[in-house]
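Chemist: This is what each chain is made of:
Number of protein chains: 2
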Amino acid sequence: MSLDHAASKPHERLADALSEELTAVNALIRERMASEHAPRIPEVTAHLVEAGGKRLRPMLTLAAARLCGYDGPYHIHLAATVEFIHTATLLHDDVVDESAQRRGRPTANLLWDNKSSVLVGDYLFAGSFLLMVECGNLEVLRILSAASATISEGEVLQLTAARNLSTSEEIYLRVIRGKTAALFSAATEVGGVIAGQDEATVTALRDYGDALGISFQIVDDLLDYWGTDATGKNVGDDFRERKITLPVIKAVAAADDEERAFWQRTIERGKQEDGDLETAIGLLGKHGALEATRSEAIAWSQRAKEALAVLPDSELKVMLADLADYVVARIS
Amino acid sequence: MSLDHAASKPHERLADALSEELTAVNALIRERMASEHAPRIPEVTAHLVEAGGKRLRPMLTLAAARLCGYDGPYHIHLAATVEFIHTATLLHDDVVDESAQRRGRPTANLLWDNKSSVLVGDYLFAGSFLLMVECGNLEVLRILSAASATISEGEVLQLTAARNLSTSEEIYLRVIRGKTAALFSAATEVGGVIAGQDEATVTALRDYGDALGISFQIVDDLLDYWGTDATGKNVGDDFRERKITLPVIKAVAAADDEERAFWQRTIERGKQEDGDLETAIGLLGKHGALEATRSEAIAWSQRAKEALAVLPDSELKVMLADLADYVVARIS
Chain A
1 MSLDHAASKP HERLADALSE ELTAVNALIR ERMASEHAPR IPEVTAHLVE AGGKRLRPML
61 TLAAARLCGY DGPYHIHLAA TVEFIHTATL LHDDVVDESA QRRGRPTANL LWDNKSSVLV
121 GDYLFAGSFL LMVECGNLEV LRILSAASAT ISEGEVLQLT AARNLSTSEE IYLRVIRGKT
181 AALFSAATEV GGVIAGQDEA TVTALRDYGD ALGISFQIVD DLLDYWGTDA TGKNVGDDFR
241 ERKITLPVIK AVAAADDEER AFWQRTIERG KQEDGDLETA IGLLGKHGAL EATRSEAIAW
301 SQRAKEALAV LPDSELKVML ADLADYVVAR IS
Chain B
1 MSLDHAASKP HERLADALSE ELTAVNALIR ERMASEHAPR IPEVTAHLVE AGGKRLRPML
61 TLAAARLCGY DGPYHIHLAA TVEFIHTATL LHDDVVDESA QRRGRPTANL LWDNKSSVLV
121 GDYLFAGSFL LMVECGNLEV LRILSAASAT ISEGEVLQLT AARNLSTSEE IYLRVIRGKT
181 AALFSAATEV GGVIAGQDEA TVTALRDYGD ALGISFQIVD DLLDYWGTDA TGKNVGDDFR
241 ERKITLPVIK AVAAADDEER AFWQRTIERG KQEDGDLETA IGLLGKHGAL EATRSEAIAW
301 SQRAKEALAV LPDSELKVML ADLADYVVAR IS
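Protein chains in written order, with UniProt numbering: chain A, 1 to 332; chain B, 1 to 332.
Keep in mind the hints are simulated off the structure, nothing from the lab.
Please note that a few of the clues may not be correct.
What the hints assert, rightly or not - So, partial list: chain B residues that the calculated Cβ filter (under 8 Å) puts toward chain A: (1) H37; (2) K115; (3) F125; (4) G136; (5) L173; (6) L283; (7) K286; (8) H287.
To be verified - So these bits of chain B aren't anywhere near chain A, every CB distance computed over 10 Å: (9) H11; (10) D122; (11) E153; (12) T160; (13) S166; (14) R265; (15) S295; (16) V310; (17) I331.
Glycine residues also receive a C-beta, built at the ideal position from the N, C-alpha and C atoms.
From just these sequences and the hints, can you work out the full model?
Modeler: Dropping the structure here:
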């Protein structure tokens, strides 16, 4: 892939357009993840924050605020807040999932221990609240606190739905709305709120973030059965971890008795053998579950773009629309 | 112990004086720990919230607000906030300590799993912020967010100081100020802030909570070597878990070569044998470490009472002073 092509990805164009603000966000993050007394905190945080995430969520906040003509300083704080919340949830997720790798690097719980991941995650949560308190906007505080509650609620729901073949598409949607879309939608919404926008604009920004996040997570779950090395996903992780995602829900709904027994053995009872992943992928294909999942991801991407309609036309708006296309480009 | 005697304990007199407000706090806690979609959340929370804690921290907030003549509704929200933060830290502590029991009952991480404890703790943290946002007071939000950050910072510091014989009394003080006193002082301080008190009063309330919390934790750490069944503490837990607390720091500072080797073997290397706890207690006695620790706890209790001086005289003020005495009564 040529450098020119790479530079044309929407999230990279966004990063270019917002480069000055992103530099300020990164400086603020580094400043606030310091702890005079407990050096373990910046060690663990740096491992994750510096690991080359795309800063997608903070960019959404910066873009939303700029799109709304905000000219104050606080979108920087809010973007850093959003990244802190995201980093805290990653630290706690890796404890919960007992993960050994994230973004191709060993996880913090493996390098240090679960204790450090739990406590440093708590420190970042608290730090995120301190950052947003500085903005002095109570509506912003309400939105981001509610998003944090929705994230943990979604994760708990995922925990209790795991390995349960009766999980419905409705519950799946609630889980991914919590664990992924809630922070996307809060990130865009607070950009509009801090800029003092009217309700229609704020709602449009929230709906964009919500739909983008849902599309993003459905694609992620689809690639777990449909990915290639190029997508950077390990095909079969969710199957081995017995997670019930949209493709499996659709295939289970269409299963005959023999197929149902297969899903019960592999997902519910966790008795997996060589060749089971291939059988699973075969069943997803047979019932059109991968295609149907792909269609839903594209429909949510479309909804994200439609939500942008009420916003004033601008270069940033085009980039946000392109971002919605890019999310599903991995499965086109 | 007769019922009359029991009813005369200061925290019980406080509970009597604040009974109407405590009922409202308990109702609010039950309302907010509900989750429509993830029933695991109220299950785990109820296990801890209903387990008969003394509600000491919320009572501090209620007492401080009432003492300052506050007549609005929000001290109830703040008291519930403080209890939510406390409950969230207990859930995460039990994961970090790999505890099996708390208050004589199996811990949540044992009854459910570590995952549920981490995620439900996160939900309660987020819920605590939602509750305080409702109060609409930015200074209160700043104080409680900062307290949450200080709590996790103290816990991380404790983690890195654990099993390290070079831990100083200064680091010990910083750890307990974080893990225990920060929430006590924030609990009393926000009671004054919500009542719109001047800086001298707010500072007095904060200093009272800080000194009370420090005294409380030193007593707790002392009882781990000095307790009896009547105090409800298991003597020797900290020693077996190789935690460095004030009595040990003092004994290590006075140790000769042979004693130092004993502490290195038992605490640093964790090679403990039958009779080691008794040897440890003997060394603490020999160097006057228990007596010196006791004196420090009493001095902090004294400081807590002195901090109250600037506050207007009232029945509640007497109860808060008595509470400071009661904290050290367990070691008198």
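Chemist: Check each numbered hint from earlier against the structure, then list the numbers of those it violates in ascending order.
Modeler: 5, 6, 7, 8, 10, 11 and 12
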